[in-house]
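Residues per chain, in single letters:
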Amino acid sequence: MRHATQEYFSLHPTIALWVVVGLLGYAVLPWYGMDDNIFTLRWLFDGYPFDDDVAPALFLNLQGQKLWLAPIGLLLLGSFLLWGRRKADPAFGPILIALGAFGFGYLLLQGFAIGLKGWNWEVATALFGDLDDRQFGMGWGALLVAGAFLFLFTIGCAARGAVGGDEFVAGSIGFVIAVVGIFIFMPILQMLASAFVTQDGGYSAGTFASKLFSNRLWGISCLLGGPRCGAAWNSLLLAILVGVVTTALGLVFALVVTRTGFRYGALLRALTVLPIITPPFVIGLAIILLFGLSGAITQGLDAALGIAPSRWIYGFPGLFIAQALAFTPIAFLVMIGVVEGISPSMEEAAQTLRASRWQTFRTVTLPLMRPGLANAFLLGFIESMADFGNPLVLGGNFEVLSTEIFFAIVGAQYDQAQAAILALVLLGFTLGAFYAQRFWLGRKSYTTVSGKGDAGVHPHLPVPLRNTVYTIAALWTLFTLLIYVTIFYGSFVKLWGVDFSLTFDHYVKSFAVGWNDFGIHWRGAAWSSFWTTMQIALISAPLTAAIGLLTAYLLVRQSFAGKEAFEFGTMLSFAIPGTVIGVSYVVAFNVPPIELTGTGIILVLSFIFRNMPVGVRAGVASMSQIDRSLDESSLTLGANSWQTFRRIILPLLKPAILAALVYSFVRAMTAISAIIFLVSAQYDMSTSYIVGRVENNEYGIAIAYSAVLIFVMLAVIGIMQLLVGSRRIGRRGIEGDLSQSRTNVSQATVRPQTAISGGG
Amino acid sequence: MAEIKSNAASVEFRNVTKVYGKSTVPAVKGVSLFIQAGKLVTLLGPSGCGKTTTLRMIAGLELATRGQILIGGSDVTRLPATDRDVSMVFQSYALFPHMTVRENVEYGLKFSSFNKRDAGGKAQAGLDLVGLSGFGDRLPSQLSGGQQQRVAVARALVLEPQVLLFDEPLSNLDAKLRRHVREEIREIQQKLALTVVYVTHDQEEALAVSDRIIVMNNAVIVQDGTPRDLYDQPANAFVADFIGEANILPCEVVAVEGDVANVQLGPVSLRIPARTHAPGSARLAVRPNRVQVTSPESENTLLGTLDKVTYVGSHLELVVRTPLGSLFAVTPDVDLAVEAGQAVGLGFAGRGPVLLSE
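For the protein sequence lines, the chains are P and W, in the order given.
Per the working numbering, residue 1 is the first one in the first sequence, and the count goes up by one each step.
Per the working numbering, residue 1 is the first one in the second sequence, and the count goes up by one each step.
Think of the hints as simulated: they come from the structure by calculation, not from any bench.
Yeah, the Cβ is synthetic: ideal placement off N, Cα and C, and Gly gets one too.
Each hint can be trusted.
FRET-style restraints, in silico, Cβ to Cβ:
#, chain 1, residue 1, chain 2, residue 2, range
1, P, Ala546, W, Gly134, 36 to 46 Å
2, W, Asp174, P, Phe488, 51 to 61 Å
3, W, Ser23, P, Gly181, 30 to 40 Å
4, W, Ser23, P, Arg134, 47 to 57 Å
5, W, Ser23, P, Asp89, 27 to 37 Å
6, P, Pro94, W, Asp232, 49 to 59 Å
7, P, Ala546, W, Gly30, 37 to 47 Å
8, W, Ser23, P, Ser680, 47 to 57 Å
9, P, Ala546, W, Asp241, 49 to 59 Å
In isolation and in its complexed conformation, chain W is listed as follows (with noise of 0.2 Å):
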């Protein structure tokens, strides 16, 4: 019996860029990134940000304008496509409408060293690893989208690639079989150790499936860390209100111990870890969960006046009006008795405000 091996490798950008035919704004920019063999690494970031170039390019789909690009220690920057050893799943899925299941799978193998025996076994493994065993002689119009999702996976891991691409692959599902599929192409990549290159715009999913996370935004990568690095440590701003909703603040560094940073947001001093951090005015963002509402009277707490209370069934959500500007905070105490006009005290742990670098 046939079956799906692994020959992940790992893949390098040194300094690529990318611009397409006459424009003078780079698609990506300079961008250096080292993926490991065996890691699922996502690419996330609003649209146009260049992560789908990016991943394109790994794929040989485009060349780059500029940079090297190493896949498994070797430079592929001016192969195509079809000399790269790497098989991408569409968001479209690009099932050939043409062909049966079974001929969409086998369809890579064809030119490759496979004899026709060993390319049906092949396809076979393939198509039970995916869960769609008696489906092979079906024609993908006749499968549900997750299905047809399923048999891209299929025909782009048969081939045993060093690096297999997701281009969005669940924005063309509901909202439940997501979840669903995004587990199963975790559970895929885990056992067989694939390098895997995923891009989504959804930060959800992205913090869910990946080993990894690098945030692209205006064509630069603006952090690259896991997924608790980016949510709990944002570098800017930007990361921090795109992963996730954070409340970003002015303050006030007012003085650095060694790691640690006394930190004064309006009333409230904070000791919160430094990153680098140099006293003067900074930004800081708290996560909306990380805000704790507690009575005005209560000690080394922000004052303000509750603007919106919003019961959404698992928790609460509150606007609170503070000199420091609105605030969004959320708790789970959905029995809490509040309600709007009513003044608060906004309390801070100390582990949930980080300071941002600009």
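Isolated chain P, as found in the complex (with noise of 0.2 Å):
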């Protein structure tokens, strides 16, 4: 019965489940973290539940021990309040909202406040005394219990009317805020705290304000003939120059796949893949390849020109050649979108208006690209700003401020705050870009794409504009393949510019596999590394494509108070640079409450909240092409938003999960400057392990590693399209002439708004 008004005699049931899961988690789950992975179940056997490292917050409690904890067990027995109430009871979301903002908060509180020393505040000791105790990071309890306290709370909200009273919606958008907010800003927010903090453990604004506005970051000096200029300014100069010059060769290669009736543009929307699974700081190593000082090029010119060898590569122009190519397809990404966008039917009412094609082009199309453009090279931007590895493999005295920061951390000076500055300084370019984008671009390049209703072609470009937009393409498509030619090539020669001879010592040496009394024998050096990212890749991905269309669900489909500050927030770590993410981990999450370097979780959760833009984008790309009237038709149907959301909309969303599933996984895969913060002996990931390679001037075994890589990312991607495209619509198209049928879901390909490379 749809219309029954039942009478609890007992918990509303979803109340209930969350009263036991925070019962769970303070009666029964060890409360702190462990050295141990919990599903090994081995604390059971450790002395649980009494000793003081697995024992629930319950029986710490009995125990006389860490009674802080005990008023939240009183919080979760106050949730029986609500026995007997129904959901229309007027006391019904003032109890619980109380219940679990109280209760939350107070789990927060009093998990900042102590710490390893006790109190962690002094004002705290002034009001109750030095505490003889301390506390380590949270474990599952405690992580059962503030999950229990946050939906409580969101039941409670519903059940005031929030979201038009349903549970489910103001659950995922309390889930989302409360993880956002706790994987995103409080790390930030505890960056720039530690921005301030002096050499000795004082707060200073003086320390801070010297090292923001430092000569070593702003100095231009180089103007004047010195030997170098500051490192916001390389960064700047370098990301400016990036992004015209990718805007420039994106447009050049939309404009060749649309513009021209060349008849390969398939081959050409491939190339930008490239990007995509090529590790960030693979183009920068076959640059070092051919232009290095025993670079092919460099000693051909040597041999045959006798221009002698240098080291003109390393610094910016090499740095400036690696991002260009690197960045090139996003460009074209972006401005295909763009070009494609511009309705036919504009350009041809200029021809009839007596344009000629090059006015045609000139007056109209271009003017309409404009919004295009700046979205291009804002992107490029932000890319160069944020690219880690190919500064770390070709950058030389040429300093720039994504490597500056991993510097202050690992190099001998380990200066926390001077990181932190440099992040923050990083942090503003990119965020400024990202604030441009958004509100000044983002709207308007919508408006050139105008609706159904366009039969019309678009006019090809006139003759001698052709001519050079296909002489810029091959160029760059040559170049490209040389790139990877180079890389695929140089795996297997024995020692690049003294001995080309071929062998596959690279690869035995990474990758060697035998046999043992075990079973197979992992021998290769690469091994450990490579199935940790496997691992850690294969783990984010499906939770970051779940967070990502959740999110874009709620942004498509419900509407709530705040939703834009909401979208904003879900969407800003797209801006924030993977080494600002890295930096910030590493100061948040050192210490209690949350306590996680040195797991895999931290990386885990890096490239969740790193890559979930990219779900969310998918997400929202691909469910705002389904209508709406089907959502409303299943509520209608009496289903609830969660079994509309289960049922209608995941079902159509395929390809979108796809597309964020392969996303996570490669970008997992391909990152660097994020990780290489994060990982540790016993998690260490393919990208940052190939970077050691690197220094070591390994370059054989660099090398085979990442081609392994980009085959291994290939091949998953093409698993990852059968297992879930295999399940499509379907047996469409079969019936012959179906022209009359008509369906409320647009069939897109395949094709997010911006592909993010791996420059992070």
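Both chains are sitting in their own frames, so use the hints and assemble them into the complex.
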């Protein structure tokens, strides 16, 4: 019966569920984090439930320890105030909201207030006196309790009528806000705070200011003949130039595909996959192999023309070439959408008004592309700013922000405040660009795209222009091919520049497999990091896709107060460079209440929140194509919003799910900037292993490993396509003439709005 | 064999207002209405008049900002769509493209208290009812527009809702099919005695299918009555003009005797129903087919000159210039020997002109 109003002579079932979860966390599971993985269940035999390390909060309290946790149990029991109350009861919502908010708040408060050395805050010591106790990072028990309080709170909000009284939607919003708050905003804020910390542990605004405005960052002595300019200026100059060049090249490719009658456009589109599956520093490596001191081209020129080899490529020129090559496909992806989006009828109208082809291009086509051009520029700008891999291998003495941050943390100086300040400057640049892109251009760019009903054809470019774009595109393509051939070939060369004989040594050394008594023995040096990477990437990909699509659903399908801020918050990590995330995670999660450094979890988390915007974008793009009446019809047929999400939206979103899965997987495999701060001996990742080999000048192994990664990613993309793509809406088009048929889903090919390369 | 029954219930709005988001202009303003169980009532009006919002408030897809909504006598104002016993046929049909026809029809049954077999039987009965018995295993994309439309109807019907809602269900069909489908909908509605609320902006469709029509304009109800009431007795110029075509003319109410008014329309004297009018100036509406074109010498006629004569096959359309303004008239007498420029007299039968309240 759909119109039943049940009397609850017990707890409302959803509330009962969360109370049980909460009590489980409080009274059964270990409250604090453990060294072991909880699923090994070894803790059950380690003195559970009385030993301090594995005891649940309840048992700690009963033994008179950590008494500040006791109120949490009382608050959970407070839920029984709701016994017998129905949802329509006016006290129902307020009680839940009070319990949930107070419980969640108290949990965080005690976590931050009491740390490894007792009170963390002097205020607390002054108020309550010294505390002869301490606590470690929160574990599963605390996690469950936090979840219980959070969802009790959202159920309360729903009962008060928030988001139409929908518990699922209210819970989802609460969940996304909580995790984004904890894993994006909190680390950034803590990093901000740590920027004020001096070397001796005090806080000083003066030191902060002197570091922020130091010459190392903002010096302009190179203009006056000095040796070097500040890292901030270097980054800015490089980013602007890379933005301009990639935009121009992207436009050239977009024109080739759409306006010249070029027949192999599909091949060019395939090129856009390259930067996605290529670890960011690989292009830099190849450039060293070609133009470095012992590079093939350098030595060839030396032999043929007697030009002495030099180190000119290290620094600005090399970085510029590498980034221009790496990020052009991204600009292409943006530009092709814009160029195709321009309604052909506008150009046809111009032609019927007696404009020549060239005049049409200049007066109609180009102005309409302006927002797209700016968009592509800003993306190139952000990518270049955030790029870490190329500066690391190619930078030389040309200091840029992203690598300076790294050296401030791992170098001899170990200056966390300095790293935080550099990260803030970098964040300022990228957020500025992000802000400009969203609020200045993001909306404009859609206005040039008119709806359906355009049956026209794009006019071709004037012939001289066409030949120019062909030439440029051909040169770029050849150069890119050369890069990839170099990588492939280089992985078989014994010692590049010295001994060009071919060998399998690098592969054998990294990926040898043998057999011993226990079965397969992964003998190669690279296997350990390879399997870790696969494992972490495979765990984080579905989680990223799930949270991204859930967020997209909330953004596209639900309206609630503060939605714009919510959208901004969830898309923000898009503009946060990986190095900044890395530094902020190190700062935030090194100490209780959330102590994660050195674990695999922190790697997974950093991938989820770095890549979440990709999932959101893919979800938003394809969800906007699913007619809202499908949801509404499901709702009027008696399904609730969770059932609608699961049965209607998810099945129709398969292409978006695939895209989100592939992107987050691949980005997890290629990322370097964030994780280089977060890897540990136990959890080393492929990319950081490769960078390590480069630093030891073991180019052969680095290149061989990179080539393997590229092939693995191609294979994984293929497999995922098979798994998800095989259950399409299907059987459509078999029945001959279906011109009459209509559905509410436009079948868009999976083309994420803006692919983000591994630049971060 | 399972069959589809009716749980028809009434719908009542008590002073309902809907304001979207931060907008200051209400989409629906102080609407009160009562729809009897088992009747087909049409909400009719130009786009943006609030009729779809009204329908979506019955469905629970929008919640009223103020006022009260009752279905079958119980208050559902705060209930969301999921919990209301109402189903809806959408303009776009909203068939789930990844499910077969049968899965579509069974979809809602899954969330009701039906077991799998009953649901199957119910779904089959629904498909039989709309004449798509053999189509259960097809995908929606393999059906024609008219068939998809019928699947959408079956999907809504099998839940045996208290109220069935139609949101412009025919607007995606071609003209011939439209007539056919609307007759089918009316037939099923009468056979099962369903309460149906139907939204359209097509006045002909509304006249053809409805027991009652509620005309809306600018977020309020302007008139509520049977199709004949609305056509013959429009309350005001908007209704007169929106439903069918009408000539709106200024006139003078000379005297009122009981229910009958003596009205002076230019040189023409008329005795027509007074409809609460007092003596004074007023406006009246005349349907084009109620204007009689005669010779200028006839008595009690309005003199005019023929401006335009258009032959459209089944009838003649005439535009006549008169001292009261241009009049539009139609006559089924296609052999009438008239031509542009000719002087004519216009006569008005006693039942033709209707006084309008302003």
